[in-house]
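Peer 1: Here are the chains, one letter per residue:
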Amino acid sequence: MSTQTWTYLLVGLTFLVYIIIAIVARAGSTKEFYVAGGGVNPIANGMATAADWMSAASFLSMAGLIAFMGFSGGQYLMGWTGGYVLLALLLAPYLRKFGKFTVPDFIGERYYSKNARLVALICALFVSFTYVVGQMKGVGVAFARFLNVPFDTGVLIGIGIVFFYAVLGGMKGITYTQVAQFCVLIFAFTVPAIFISLQMTGNPIPQIGFGSKGTDGVYLLEKLNLLSTDLGFDSYTNIDRGNLVNMFFITGALMFGTAGLPHVIVRFFTVPRVKDARISAGWALLFIAILYTTAPAVAVFARTNIINTLSDKPYSQVPEWFTNWEKTGLLSFEDKNNDGTIQYVADAQLNELTVDRDIIVLANPEIANLPPWVIGLVVAGGLAAALSTAAGLLLVISTSISHDLLKNYLRPDISEKGELYAARVAIAVAVVAAGLAGLNPPGFVAQVVALAFGLAASSFFPAIILGIFDKRMNQQGAISGMIIGIIFTTTYIIYFKPQLGGPGLPENFWWGISPEGIGTLGMIINFVVALLVSRFTSPPPPEVVALTERIRTPRGADSPSGQTH
Amino acid sequence: MSKNKNTYWKTNLKYLAILLTIWFIVSFLFGIVLAEYLNQFMLGGFPLGFWFAHQGSIYAFVILIFVYVYLMNKLDKKYDVDEI
Chain A
87 MSTQTWTYLL VGLTFLVYII IAIVARAGST KEFYVAGGGV NPIANGMATA
137 ADWMSAASFL SMAGLIAFMG FSGGQYLMGW TGGYVLLALL LAPYLRKFGK
187 FTVPDFIGER YYSKNARLVA LICALFVSFT YVVGQMKGVG VAFARFLNVP
237 FDTGVLIGIG IVFFYAVLGG MKGITYTQVA QFCVLIFAFT VPAIFISLQM
287 TGNPIPQIGF GSKGTDGVYL LEKLNLLSTD LGFDSYTNID RGNLVNMFFI
337 TGALMFGTAG LPHVIVRFFT VPRVKDARIS AGWALLFIAI LYTTAPAVAV
387 FARTNIINTL SDKPYSQVPE WFTNWEKTGL LSFEDKNNDG TIQYVADAQL
437 NELTVDRDII VLANPEIANL PPWVIGLVVA GGLAAALSTA AGLLLVISTS
487 ISHDLLKNYL RPDISEKGEL YAARVAIAVA VVAAGLAGLN PPGFVAQVVA
537 LAFGLAASSF FPAIILGIFD KRMNQQGAIS GMIIGIIFTT TYIIYFKPQL
587 GGPGLPENFW WGISPEGIGT LGMIINFVVA LLVSRFTSPP PPEVVALTER
637 IRTPRGADSP SGQTH
Chain B
24 MSKNKNTYWK TNLKYLAILL TIWFIVSFLF GIVLAEYLNQ FMLGGFPLGF
74 WFAHQGSIYA FVILIFVYVY LMNKLDKKYD VDEI
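Protein sequence lines, in the order shown, are assigned to chains A and B.
Heads up: the first sequence is residues 87 to 651, going by the working numbering.
Heads up: the second sequence is residues 24 to 107, going by the working numbering.
Since the hints were made in silico from the structure, they are not lab data.
It should be emphasised that the depicted structure is a prediction, and the values quoted were computed from it without experimental measurement.
Beta carbons: idealized from backbone N, C-alpha and C, even for Gly.
Listed next, the stretches of chain B that the computed footprint assigns to chain A, with coverage defined by at least 3 CB atoms under 8 Å from CB atoms of chain A:
| no. | segment |
| --- | --- |
| 1 | 40-54 |
| 2 | 58-64 |
| 3 | 78-85 |
Chain A with its partners taken away, still in its complex shape (with noise of 0.2 Å):
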């Protein structure tokens, strides 16, 4: 069979597996809608967050990205697996204790304030939609590239999808088909990489192979630095020392960023109790580890391969796989000295190849030779990976809607049957929202992803570690935390990002941090700001303080649905 019929033929088959478990598990009131029914085993829970957390970026780019970074790489790695110990630690069993729906919910209540709730609303709006936007836009590629469907008509079939099991399943819904999801992209992930692995070092699994000898007996990270450098690259494995404080503060960014998301918070509500709660972070972390250990070896393997089998190769003589990712404008070459051979080196003057960063993931096992099903299986993957996390955000922007801003601010009298119903309307409404703008993406979105980390590490993380673990603290300290934290990190991106008219310059950036970093200054100076503020006014009202006594012990965990609210 062809690589095209394998990839019809997996794609379709998960899909239908994805469409058969919505339907299975729809969800028949607002507690099965927000947070499955508060009733899900913590292994299961934890392949669904695992699934949640890893994107169309995780699953497709952030490999290809590595491979073109080396070391400094790393602060993917460690930023987007490290606030999962925070989460697990800090986070997830206090709040489950609390036992409600949503981030606003905690935030509204521990700081016994309406506009704290609404603070927290917005954020926890404007960090999912600008996520969910990507995620519609990694579907539309995938299905353009391997079903030779325009790029609309893929984000369409993705809209459709996600629509039909988002709406009907609401959390119950979501979290079993990411079970299923969390199953197909990591199997599509690892499956090419251990035999990539085979072939070039006899050792199958991959986090041992990419440091080991290859064939020649040499081993392959070595390899690797020397054919970089002679090409005037920078060598693999070295540190740019100049580029050491940034990478602390992305590192840092990404990690508080990630245990202040609400879409990956929200997820430690659908486990029974609080010994759940804790232990479904690690297995969620353990889930993710898979890939995030796996990727680092496909970007060395990936690397290397492209060097071999392209520099210094005739033009006339590439392989199959150059010609077709040609066609896409993703991968190309140009003979500047005529001498029909390419020349891939770091001079851009003399550099002949230009290779997409986002193809590597895709293109890995075609430039391996692996059999064709293998490539449909990635394919099915990067699909299972996108959707997964579409339908997670929705479902965080569809709850912010109808239980933050409806039943909580604007109509409380709202009855369980009215807010489900206005549940499944806005998560309609999202998922179309969200598809028209991943049709026709605003070159800004590509841009906000840092401002989604530096909000939530700015915003959120404080607010909840300081509700939790200081009792003193009150509104005014959070709400001035927050609000300050939020202004000093958007500024900051917007000013330093010419993609969003910001007139700064790299040269001009504070101790060398990028926007992307910035956020853990922001949260620092949210701390900062909250503790000074909480010292000169009035401390919190009695039942806030034994409220946050109440969720420092497990016992007595309520289920979600178990208080009237």
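Put chain B on the given structure of chain A with help from the hints.
Peer 2: Only chain B this time, still in chain A's reference frame:
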């Protein structure tokens, strides 16, 4: 807060301090600040600093969470605040 709950919370904070210190050391120190120094040592084919940034810190994160869960489950039982 009763005295018992107070010691429970203090022990919890002690665990957090220890585990988060390790979290900081394996990632921010070994994987970034000290990576250049560590790169002179090899772990198989990996320069050690590079290995921490691309592999080791992630393994450590997973282990940290499972150790935390083990410690807290024990602590909950000891202070009789565990769930049924």
